[in-house]
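**Q** On the provided structure of chain A, position chain B as indicated by the hints.
There are 2 protein chains.
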Amino acid sequence: MTAPPYSQLLIGQLLRAPAGSDPDQTIHDGAGRVQTYRQFHARIGQLAAALARMGLGRGATIAVMDWDTPRYLECFFAVPMIGATLHTVNIRLSPEQVLFTINHAEDDAVLCHADFLPMLLPLLPRIRRPARLIFLTDGPAVLPPGFAGEYESLLAAESADFAYPDLPEDSRATLFYTTGTTGDPKGVSYSHRQLVLHTLAVTAGFGTVPGKGGVKRDDVYMPLTPLFHVHGWGFPYVATFLGLKQIYPGRYDPARLLALIAEHKVTFSHCVPTILSMLLDAADAARSDLSGWKVVIGGAALSEGLARRALDKGINIHAAYGMSETCPFVTMADMVASQSDDDITIRTATGRAAPLVELRVVDPQMRDVPHDGRTTGEVVARAPWLTAGYLHNPQGSADLWQGGWLHTGDVAHMTANGTLRITDRLKDVIKSGGEWVSSLALENLASTAPGLREVAAVGVPDERWGERPVLVVVLAGSEPVDAAIKQRLSGAIAAGDLPKWAMPDRICVVTSLPRTSVGKIDKKLIRQMMAKGEIA
Amino acid sequence: MTAPPYSQLLIGQLLRAPAGSDPDQTIHDGAGRVQTYRQFHARIGQLAAALARMGLGRGATIAVMDWDTPRYLECFFAVPMIGATLHTVNIRLSPEQVLFTINHAEDDAVLCHADFLPMLLPLLPRIRRPARLIFLTDGPAVLPPGFAGEYESLLAAESADFAYPDLPEDSRATLFYTTGTTGDPKGVSYSHRQLVLHTLAVTAGFGTVPGKGGVKRDDVYMPLTPLFHVHGWGFPYVATFLGLKQIYPGRYDPARLLALIAEHKVTFSHCVPTILSMLLDAADAARSDLSGWKVVIGGAALSEGLARRALDKGINIHAAYGMSETCPFVTMADMVASQSDDDITIRTATGRAAPLVELRVVDPQMRDVPHDGRTTGEVVARAPWLTAGYLHNPQGSADLWQGGWLHTGDVAHMTANGTLRITDRLKDVIKSGGEWVSSLALENLASTAPGLREVAAVGVPDERWGERPVLVVVLAGSEPVDAAIKQRLSGAIAAGDLPKWAMPDRICVVTSLPRTSVGKIDKKLIRQMMAKGEIA
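These protein sequences, in sequence, are chains A and B.
Quick note on this note's numbering: the first sequence kicks off at 1 and runs consecutively.
Quick note on this note's numbering: the second sequence kicks off at 1001 and runs consecutively.
So that you can see chain A by itself, here it is in the shape it has in the complex (with noise of 0.2 Å):
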C-alpha cells in the first residue's frame, strides 16, 4: 500500500483546482493584454513543449529575466512542470553579481526581455555553459544575435497538450539568490513539495481571516513585489491555485500602477513598505481611491506611520513577515483579533506563527527567552518548507540550521500568546553601552513624525559606549522634524517604553536612503557612509 507516484505534491497540481474548474477567469498584463485560465493552461503546454523541444527537461535550469508578467507566471508552472529549476534572476542586481548567479546556477537556458538586453550580451561571452537564449518582447521579434527563439513564436508553433513527466516530490523546482551585505549572492532553492505546501499554507493562513481581511476566492490579484524575490512571496502561485482575476503590471510605474488598480478593481497586492510610500505618495498627488485595496507588508518593518497613512486612505494594510530562506511565509499580522482599522498595533506587528510553523525566540546558547513582550534574542523557525541550505555552500548551510533551527538573524520579543515583534536585524541592533538598542523601535517612534519621509537608525562606534545611535531622515518637505522626532522619543522614554541611552546623539538629514536590490534600506551602506563623513 506504497503511496502511488500521482499522489506526490507536484507544482502542476496547484492548476487543477478550483482554478481548473474555472476556465473563463482571466489573467492580464500591464499593457492590456488579455488571457482567460483556458489559455493561460495551454501556453503552460505549448511553453513546455517549446523547452524540451529545445532538449531542456529534467535536471535543467533555466532562468528568467523579466518584468513581472504572466509569461513569467507561465514559466513560474511550465519550467517545474517539465522537472527543470527555475532560475529568478534578480535583474536589480549589478551585472557582475547577475553574472556570478547564472553561472553559480549552471544555468541551461536564459529566457531574456529585451529590456535587460543591455546587461545580458554584454555578459555572454563570460557564461561558462553554454546557455540557450530566448527572447521575450512586446515589441517586434526580431532576434538578438545568439538567441534560439522568440517566446510567442516558440510557443505558436507547439501544441497545447504537454505529457508532463511523473516527478518525485523532492526534486527541485526554484532557485534564486539571496544578496546579504557581504560575499557572494546565496543560492535558495525550493521543491515541488515545498513550494506546494508553502501555497496550502498561505491559503490556510490568509484564507480563514473573517470579514473583509485575507484572500478569498473572488479577489483581484496583483502583485507589487518583484517575481525574482521569493517568487514573488508565493502568491502567484496561491492567486493561481485558487483561480483569482490576475494582474501582472510589468515594470512598475506608480501611475500605471494605480491606474491598473482603478481598471481592475484589484483588491488584493504585497509589496516593500517603499512602493506603499511611493505609491501613496502617487495616489496623493492623483487623489486616487485605494479603499478596499488590500496591502500585506514584508521585507522590512511596517511602521506606524506608514500604516497610519495607508488606513487613512482606506487601505486594509497588516504586516507578514519572512527571509528569502523560508519561502518566505513565517508569520502574518493577527488579523483574527484584528477587526477594526484601528488596531495599528496588531497590524505592524511580525504577528502570529503561520500554519505549520514553529517559532522559538532563542539566546545564543538556543534557549528560549521568556515570553513577557519584552525579553529579545534570535527567531528560530522549523516548517516544511524552508530551505534545505544554499546551493554549493555547506558551510553556510550548517550555520543557517545551526542546532537544527533555521536562524533568521532577526531579533525579536514574543508574548505569552505567541505574538512576536521582530525588533532588528542582529546585524543592525545599536549596542551602546552593554545594553541593546532596537533600531526598528527608533524608527517606528520617529515614523509618525509630520514631515518626515523616512528614516534609519543606526550606531555609530563611539569610544565610551561602544555605539551610539544615529538617525538618519529624509524630509517630506522643508520642514524641520528634530523636534517633533525628540518629542515622541522623549515621551517613550518617559513612559519607560524605551531605554534613556537610546536617545539618538544626532539626526542627519539626506536626500534619499541607499537601499539594497529587493528594496530594503541598506543600514551597513549607511554606516560606512557616516563612517566616511559621506552623511553628517
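It is possible that some hints are incorrect.
Claimed, not checked - Here are the simulated lysine-lysine pairs, DSS-like style, with alpha carbons at most 25 Å apart:
#1 A:K500 <-> A:K520
#2 B:K1212 <-> A:K265
#3 A:K500 <-> A:K427
#4 A:K524 <-> A:K431
#5 B:K1265 <-> A:K212
#6 A:K532 <-> A:K431
#7 B:K1431 <-> B:K1486
#8 B:K1212 <-> A:K212
#9 B:K1486 <-> B:K1500
No wet-lab data here; the hints were simulated from the structure.
Owing to the predicted nature of the structure, the values given are computational and were not obtained by experimental measurement.
**A** This is chain B only, laid out in the frame that chain A set:
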C-alpha cells in the same frame, strides 16, 4: 540537502499554529464542561504518557468507542502522535460486526464509554488479541471487570510534557471500517501525511469562500457527524488546526443539540440529511432560530426539498461530496458562484473538485464521457489523501484502484466548467428497458411535494423492462402525496429533464425507511423488503 525529520507532515503539527497561539480559546462538551486549548494540549500530553506507560506506542492499534466528545478529540491527536493507530469503532454496527472489526484491526487497547459496556463486555471473551481496556465515564469512576484504568484518573497521574517520537509521515494514523451492503466491513486507513494534507485542502477549499460561507477563524464549530465516521469527515482536525471554539455534543439528542447551538452560537456544522431533517423538525416544534448557521451536507444527496426547508430557516446550507475511501473531501458545492440563497441548483450540486483533487467521469472502458452536463459515467478520482486500499484485502484494494484511479462507485455527469452532479450509486441505478433512470433525480423531484417527509426510489425486477422504478415514501402527516409527486415528475418529463419511462409504476407508503449504520437510506434492504412483499 535531504529534508530533515521535522519537515515531515505529522498530525502533531496541526496543533502548532495558529491554534497553538490562541491558548485561551475553549472546547466544550455537551454537559457544560469546558477546557481551554492550553488544557487540551496538556491533556493530549497526559493521554500520550498514560498510553505509553501501558506499553502502547509505535505500531499499536487503539480503539475508541465513544460519542462525539472532547475526549475523543484528544484521542484524535494523542494516539497518532505516539505512533499508534486510532481505530474509530462504529458503535452503530451490530455487536458481531464490532467484534469482527476489533479482531480484524488487531486492537491492542479499547477505550470504551460506559454507554457501550453492554455491547463490549459480552464480546470480551471472543476478542482474540489481549487488549488493554480503558474506561470512559461521566459518572463514578468504578472500573468494570477487566479494565486497566479510568481515563481521567490515568491522565491525572501523568505530566503534560510528553516527548513525542519523530515519525515518518507515511505512518498509519487512523483506521476505521466501512460497511458496504455486502460482505464483511472493510478496513480503511490513513497516514499522518494524508490527514495533514486533507486538513490543509479542506481549509483551502472552505476557508477561501467569499462572503458569509465557508469556514473562518471566528467560527464556532459543532460536529453532527459521528467521529467514527471518516474522522467526523475530517472537520475536527480542521477546527483544531484553525483554533476554533468547538462544541462536542455527546449523544445526539435533538433538543439538546438545539440548546447547544443557541447557547454557544454555533456557526458551522456538518451532517447527513437525516440528522438535519430531524433537527428541523425539532426546531419547528421549538420555534428555534437557526439563522446564520452554516451546514455542510454529505454522506447522501442533498435534495432540493430539504435544502429549501433549511434555507427558509435561515441556514446557509450546501452539499459536499466524499466517501470513506477518500478521507473524505472530494468536491464541494460551488459557493463562490452561489452568493445568493436561491441558488438551490448550485447548493445541492455535488459541486467542483476540491483543491488538489483530480476528477474524471468515465465509461466502463475508462474513457472520459462528454462534459455536457447530461452524459453519465462513474466518478473516479486522484488526490494525495485517498486511501491506498483496504486492510488485508488485496483484491478489494485492486478493484478500488482499477486503472490507477480510485473508483467511487458513484454515477454522475459533469458540465464543461467542471461541475459534478451525482445521479446515483452504481448499484442503485434503475435499469429500465436498457436505459438508466437516476434514483436521485426521482427522489429530488419528489422531495418538494408538500406533505412528504422522505422518499427513496428503487428499481424492482420487471419481466419486460428488466427493472421498473418504484417510490417508497414516508408521509409528514396523513395527506396523500401521490398526485403532487406525479405532477412534478410529469412536469420534468414534459420539460425533457426526465425520460418518460422514469415515471414510477407505484408509490408505496411506509412509516419509516431502513437506514445503514451511518444514517444513509438502505436501498438494498428496501429492495429485499419489496421482493418479500414487506413493502407493497
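**Q** So, for every hint listed, does it hold in this structure?
**A** Verification of the supplied hints:
{"no.": "1", "hint": "A:K500 <-> A:K520", "result": "violated, 28 Å"}
{"no.": "2", "hint": "B:K1212 <-> A:K265", "result": "holds, 21 Å"}
{"no.": "3", "hint": "A:K500 <-> A:K427", "result": "holds, 22 Å"}
{"no.": "4", "hint": "A:K524 <-> A:K431", "result": "holds, 15 Å"}
{"no.": "5", "hint": "B:K1265 <-> A:K212", "result": "holds, 21 Å"}
{"no.": "6", "hint": "A:K532 <-> A:K431", "result": "holds, 21 Å"}
{"no.": "7", "hint": "B:K1431 <-> B:K1486", "result": "holds, 20 Å"}
{"no.": "8", "hint": "B:K1212 <-> A:K212", "result": "holds, 11 Å"}
{"no.": "9", "hint": "B:K1486 <-> B:K1500", "result": "holds, 12 Å"}
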